[in-house]
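Enquirer: One-letter residues, chain by chain:
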Amino acid sequence: MNNTSQFHPDDTMLLEFSAGTLATAPSICVSAHLHFCSKCRAQLLRLDQVGSQLMSEAEPLELEEGTFDKVMANLDSSQQIPVKVDSQQNNYPFSVTKLLKNNLVSQTWKRLSSSVDVARFETGQEDFEVALHKICAGGKTPKHDHHGLEYTVVLKGSFSDENAVYREGDFLIRQPGDVHQPMGAQNGECICLSALSAPIKLTNPLGFLMKPWLRINPM
Amino acid sequence: MGMLKTESKNLANPRINGDRVAVLKSTEKRSDQWSQLLISVGETHDRQAFAKLFQHFGPLLKGFAHASRNEGWFPGLGDDLVQEVMIKVWNKAAGYNAEKASATTWIYTVARNCRIDMLRRKSNTQHLPLENEDFWHEPDEETPISLLQQKRSEDKVQSSLAQLPKEQDEILRKVYLEGKSHAEASAELGLPLGTVKSRVRLALQKMQVIVSTEAQE
Ligand SMILES: [Zn+2]
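First to last, the sequence lines map onto chains A and B.
Following the numbering used here, the numbering of the first sequence begins with 0 at its first residue and continues without gaps.
Following the numbering used here, the numbering of the second sequence begins with 563 at its first residue and continues without gaps.
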């Protein structure tokens, strides 16, 4: 959670996140990045200050009679203790931990290619496929391009492509038409969160081969 | 970031702002009245302090609810939102960290999350495994920015917001108050998406929310 990220969501995306207008799937990715990136957390706070200032300037509206009394009557004398994030143990962001607990489509990794496994999440929306991808150490992924947008956040380990090495917390966007061939780092497996607006088109026909389920729990 | 670093260096240097440093260190607390009240609610379950917060923020929250132009909006949203937000404020006040944000900013974030979640529940019958609130669990940390710097940036936002050109102000309001995405704002205003984004960036630069050299990153 130190600020080691090199690749960040851009300012307008953070602003949409701050305003709450960013769609669910990219929001999951931004929140995962924020878990790792103190620089963007500080930036987000300034964006929240803009929102709060705008809210303060909104026209105040008179409340219905009784709203105040209803609230006062509902105040529990024992306040809740602030929720402690229990994702520290695996260093996963809270939203990912929550999804892992309840909302995996399958409790197993599914083999996507010889070196990539995937575990898909149920996120209540259908615009994006949200999933974890695991690239084994030194694993080469099939060369592929994209029909749609893809957001990726490195959660564990690192991978590289033609352009750079991507480490924990790094946030990437692939545009439709980008062709790339990520490779897992030699020194250990790499786990990424991704949100994909359309299924990946594998340019290597061998990539289409579907392997049987693997009994590995992503936790 | 460069600017902030220089500032903290200056503060550490006793020759510059020497006595100011001492004052700040001994009172590293928020002085504005809403933050003080929120601290009282968190520390001692102070119902009177809570009632004062309610009188101030309740009507603002209702205004914020009515500004929404999202799918799922319904006439009773305003008072429902006020109730839900204020009860959350009571329940979560113990976790409020005055060094991190003013009460107004903190309550805004609670209201924003509540508003989205309430609208989603209205317009979506699907089971939603994540609430907006879930995106906002940040690790506990030493705040990277000092309270003084935060106050300065808040003041700067407040003073410069009023001076933004109408075309920039209009888009910020669409996004933050009406709850429109940049794409929706671009469609409504009949402007290319790139123009909407560049106006947003210009506004953020003017308010010094982003530093211009970082805008391209
Ligand atoms: Zn970042």
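These are computed hints drawn from the structure, not numbers from a lab.
Model, not experiment: these values are computed from the prediction.
Please note that the accuracy of each hint is not assured.
One side only, chain B facing chain A, incomplete, derived with CB under 10 angstroms [as the list claims (entries may be wrong)]: (1) Q598; (2) G634; (3) W635; (4) I649; (5) N653; (6) W668; (7) A673; (8) S685; (9) V737; (10) G752; (11) P754.
Calculated lysine to any residue pairs in the SDA-like style (CA-CA distance at most 25 angstroms, straight line) [unchecked claim]: (12) B/K662 with A/E121; (13) B/K684 with A/N90; (14) A/K38 with B/L710; (15) B/K662 with A/N90; (16) A/K38 with B/L723; (17) A/K69 with B/E605.
Cβ atoms here follow ideal geometry from the backbone N, Cα and C, with glycine treated the same way.
Enquirer: Give a verdict on every hint.
Expert: Consistency of the hints with the structure:
1. The beta carbon of B/Q598 is not positioned within 10 angstroms of any beta carbon in chain A (closest approach about 17 angstroms), and the interface hint is therefore violated.
2. With 10 angstroms as the threshold, the beta carbon of B/G634 stays out of range of chain A, its nearest partner Cβ sitting at about 13 angstroms, so the hint is violated.
3. Checking B/W635 against chain A: minimum C-beta separation of about 14 angstroms lies over 10 angstroms; hint violated.
4. The interface hint given for B/I649 is met, as the beta carbon of that residue sits about 6 angstroms from the closest beta carbon of chain A, less than 10 angstroms.
5. This hint holds: B/N653 has a C-beta 5 angstroms from the nearest C-beta of chain A, less than the 10 angstroms allowed.
6. Hint on B/W668 holds. Least Cβ distance to chain A is approximately 8 angstroms, under the 10 angstroms limit.
7. At a threshold of 10 angstroms, the smallest CB-CB gap from B/A673 to chain A is about 7 angstroms, leaving the interface hint in force.
8. A distance limit of 10 angstroms between C-beta atoms decides the matter here; for B/S685 the minimum to chain A is near 12 angstroms, and the interface restraint is violated.
9. Taking 10 angstroms as the C-beta cut-off, the interface hint given for B/V737 holds, the closest approach to chain A being about 5 angstroms.
10. A cut of 10 angstroms between beta carbons decides the hint on B/G752: the least distance to chain A is about 19 angstroms, and the hint is violated.
11. Interface restraint check: B/P754 against chain A, minimum CB-CB distance 14 angstroms, threshold 10 angstroms, status violated.
12. Straight-line distance between C-alpha atoms of B/K662 and A/E121 comes to about 33 angstroms, which puts the hinted pair past the 25 angstroms bound.
13. Of the supplied pair hints, the one linking B/K684 and A/N90 is violated, its CA atoms being roughly 34 angstroms apart against a limit of 25 angstroms.
14. Distance restraint check for A/K38 and B/L710: the Cα-Cα separation of roughly 18 angstroms lies within the 25 angstroms cut-off, and the hinted pair is therefore satisfied.
15. Among the hinted pairs, B/K662 with A/N90 is consistent with the structure: their alpha-carbon atoms are about 22 angstroms apart, no more than 25 angstroms.
16. Simply put, A/K38 and B/L723 have alpha-carbon atoms about 23 angstroms apart, close enough for the 25 angstroms limit, and the pair holds.
17. Our distance criterion of 25 angstroms between C-alpha atoms is met by A/K69 and B/E605, whose separation comes to about 23 angstroms.
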